[in-house]
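J.: Here the protein sequences come in this chain order: A and B. Counting from 1, position 225 in the first sequence corresponds to residue 225 in this note's numbering; the numbering is continuous, with no gaps. Counting from 1, position 49 in the second sequence corresponds to residue 49 in this note's numbering; the numbering is continuous, with no gaps.
Mixed in with the good hints there might be a few duds.
[To be verified] Distance condition first, Cα-Cα at most 27 angstroms in a straight line; then the derived DSS-like pairs of lysine-lysine:
hint	chain 1	residue 1	chain 2	residue 2
1	A	142	A	56
2	B	71	B	56
3	A	48	A	71
4	B	73	B	56
5	B	207	A	142
6	A	228	A	166
7	B	71	B	173
8	B	142	B	166
9	A	142	B	228
10	B	142	B	56
11	A	42	A	73
12	A	56	A	71
13	B	48	A	56
14	A	57	A	71
15	B	3	B	56
16	B	228	A	57
17	B	228	B	56
18	B	166	B	228
19	B	48	A	228
20	B	48	B	73
21	B	173	B	207
22	A	207	B	142
23	A	56	A	173
24	B	173	A	228
25	B	42	B	73
26	B	228	A	3
27	A	142	A	173
28	A	166	A	142
29	A	228	B	56
30	A	228	B	142
31	A	142	B	42
32	A	142	A	57
[Stated by the list, open to error] Not everything, but these chain B residues come out facing chain A in the computed CB check (under 10 angstroms):
hint	residue
33	14
34	19
35	54
36	55
37	117
38	128
39	151
40	167
For the record, the hints were derived by calculation from the structure and aren't laboratory data. No residue lacks a Cβ here, since even glycine has one placed at the ideal position from N, Cα and C.
So the chains spell out like this:
Number of protein chains: 2
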Amino acid sequence: MNKIYVVGIGPGAYEEMTGAAVQALEASDVIIGYTVYVDLVKEHFSEKEFLTTPMKKEVDRCVLAFEEAMKGKTVSMICSGDAGVYGMAGLMYEVGVNYPEAELVIVPGVTAATGGAAVLGAPLIHDFCLISLSDLLTPWEKIQARLLGASQADFVICLYNPSSRKRHDYLMKACDLMMQYKSPETVCGIVSNIAREGQASRIMTLKELRDTQVDMFTTVFIGNSQTKEINGKMVTPRGYRDV
Amino acid sequence: MNKIYVVGIGPGAYEEMTGAAVQALEASDVIIGYTVYVDLVKEHFSEKEFLTTPMKKEVDRCVLAFEEAMKGKTVSMICSGDAGVYGMAGLMYEVGVNYPEAELVIVPGVTAATGGAAVLGAPLIHDFCLISLSDLLTPWEKIQARLLGASQADFVICLYNPSSRKRHDYLMKACDLMMQYKSPETVCGIVSNIAREGQASRIMTLKELRDTQVDMFTTVFIGNSQTKEINGKMVTPRGYRDV
Numbered sequence: 001m002n003k004i005y006v007v008g009i010g011p012g013a014y015e016e017m018t019g020a021a022v023q024a025l026e027a028s029d030v031i032i033g034y035t036v037y038v039d040l041v042k043e044h045f046s047e048k049e050f051l052t053t054p055m056k057k058e059v060d061r062c063v064l065a066f067e068e069a070m071k072g073k074t075v076s077m078i079c080s081g082d083a084g085v086y087g088m089a090g091l092m093y094e095v096g097v098n099y100p101e102a103e104l105v106i107v108p109g110v111t112a113a114t115g116g117a118a119v120l121g122a123p124l125i126h127d128f129c130l131i132s133l134s135d136l137l138t139p140w141e142k143i144q145a146r147l148l149g150a151s152q153a154d155f156v157i158c159l160y161n162p163s164s165r166k167r168h169d170y171l172m173k174a175c176d177l178m179m180q181y182k183s184p185e186t187v188c189g190i191v192s193n194i195a196r197e198g199q200a201s202r203i204m205t206l207k208e209l210r211d212t213q214v215d216m217f218t219t220v221f222i223g224n225s226q227t228k229e230i231n232g233k234m235v236t237p238r239g240y241r242d243v
Numbered sequence: 001m002n003k004i005y006v007v008g009i010g011p012g013a014y015e016e017m018t019g020a021a022v023q024a025l026e027a028s029d030v031i032i033g034y035t036v037y038v039d040l041v042k043e044h045f046s047e048k049e050f051l052t053t054p055m056k057k058e059v060d061r062c063v064l065a066f067e068e069a070m071k072g073k074t075v076s077m078i079c080s081g082d083a084g085v086y087g088m089a090g091l092m093y094e095v096g097v098n099y100p101e102a103e104l105v106i107v108p109g110v111t112a113a114t115g116g117a118a119v120l121g122a123p124l125i126h127d128f129c130l131i132s133l134s135d136l137l138t139p140w141e142k143i144q145a146r147l148l149g150a151s152q153a154d155f156v157i158c159l160y161n162p163s164s165r166k167r168h169d170y171l172m173k174a175c176d177l178m179m180q181y182k183s184p185e186t187v188c189g190i191v192s193n194i195a196r197e198g199q200a201s202r203i204m205t206l207k208e209l210r211d212t213q214v215d216m217f218t219t220v221f222i223g224n225s226q227t228k229e230i231n232g233k234m235v236t237p238r239g240y241r242d243v
């Protein structure tokens, strides 16, 4: 059976892909992914076969990748950002138990946390946490405990999936929890459509973030107690002692 | 004044750089960095001017970048991994206060957390924290509080700077703290020299990790309560419900 590459294509722009990711797609016969991500790379690999499955059909997508590889094709499964951060790499190993002869190669990429950080300035210079606000597969109590624990220990926090139609008030709830330990004046930032058309960013306080509406294409950053705004950029120092 | 690019070159191999990072270095007259990182890219950009400063001279390195840009040169400051994760991006903004006409462009890259995760399998699929064990600029009490808080909230934890000559027992101390909340059987992994010559990785339990010697080129991963070993790979599921 041929190799299956699980490839993080970065936040969006072709230029944000690594050389290794480009090589993996070039070496593949078929490229599989969620429709939106396939559309991001299609024009650069127009001679390839593309297969898509809709959102929430992730297990089907994995099975499809293994079945295509069984036919003797070299396969790339693509994810936005990094395939190993809220991406498909884990599920590919889980589904792969049924395909013991398959060899998976994970190709890392720039995840939304670091891609978005570069737009805002340098918010993630020191210890930070990534927390997804989606409670589809995680109980809200667990998410709540993480928001509180991370705030109490003064981590910079980066939120993935901050909102959806069903969860329109989750960011507000999360801000209220974080404000139990973080100052309402904490420097925060939001970035939407990172490295894609319509990229937009804004810096604000945690108090202001609480009352801000964001969409599912937005990544949210909450500073630590040292994070500051420097000329419109969000910057976290390297430590707690003067440089 | 010309642009200054602050560029994450990824974990090591040239192929791990993004297209945007390659473009930034190609557009530059001078490339500045710590000696080890300059050596990683030098052969691919041999016609460029290279300037290096030793470790712990980070402020000098930033000043050098701005001074070179003042001469009319286009400058790239390079960092391993991502420039915004324990990298130079933050300090460049801080030092840049003295050079208001300078325009900084941060070019994100693959950080050791996601680069190392790809080697181990898929440990970072769900909420995770990055914690540096270096207490050079951060009080140990703060690091301790983060290790405890992150363990209690069942985060996957990725440790940067797990060891040095002066801090040979810090990983052991950190494991003892994490075991206050995490099972000694928690699946862990270590990766050294990610995407470089001599890359090596190992999967073990938290109890075993406690008694393992690592060096400063090692990145350490501690799973959450759901993380498992699948055919020699470290895999964290997407959530807490069955897929």
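J.: If a hint holds in the structure, say so; if it doesn't, say that too.
T.: Structure-based check of each hint:
no.	hint	verdict
1	A:142 - A:56	22 angstroms, holds
2	B:71 - B:56	25 angstroms, holds
3	A:48 - A:71	16 angstroms, holds
4	B:73 - B:56	25 angstroms, holds
5	B:207 - A:142	25 angstroms, holds
6	A:228 - A:166	33 angstroms, violated
7	B:71 - B:173	48 angstroms, violated
8	B:142 - B:166	19 angstroms, holds
9	A:142 - B:228	19 angstroms, holds
10	B:142 - B:56	22 angstroms, holds
11	A:42 - A:73	18 angstroms, holds
12	A:56 - A:71	25 angstroms, holds
13	B:48 - A:56	48 angstroms, violated
14	A:57 - A:71	21 angstroms, holds
15	B:3 - B:56	25 angstroms, holds
16	B:228 - A:57	23 angstroms, holds
17	B:228 - B:56	38 angstroms, violated
18	B:166 - B:228	33 angstroms, violated
19	B:48 - A:228	35 angstroms, violated
20	B:48 - B:73	11 angstroms, holds
21	B:173 - B:207	12 angstroms, holds
22	A:207 - B:142	25 angstroms, holds
23	A:56 - A:173	25 angstroms, holds
24	B:173 - A:228	31 angstroms, violated
25	B:42 - B:73	18 angstroms, holds
26	B:228 - A:3	23 angstroms, holds
27	A:142 - A:173	14 angstroms, holds
28	A:166 - A:142	19 angstroms, holds
29	A:228 - B:56	23 angstroms, holds
30	A:228 - B:142	19 angstroms, holds
31	A:142 - B:42	46 angstroms, violated
32	A:142 - A:57	24 angstroms, holds
33	14	7 angstroms, holds
34	19	4 angstroms, holds
35	54	16 angstroms, violated
36	55	13 angstroms, violated
37	117	4 angstroms, holds
38	128	6 angstroms, holds
39	151	9 angstroms, holds
40	167	15 angstroms, violated
Consistency note: the structure conflicts with the earlier hints numbered 6, 7, 13, 17, 18, 19, 24, 31, 35, 36, 40.
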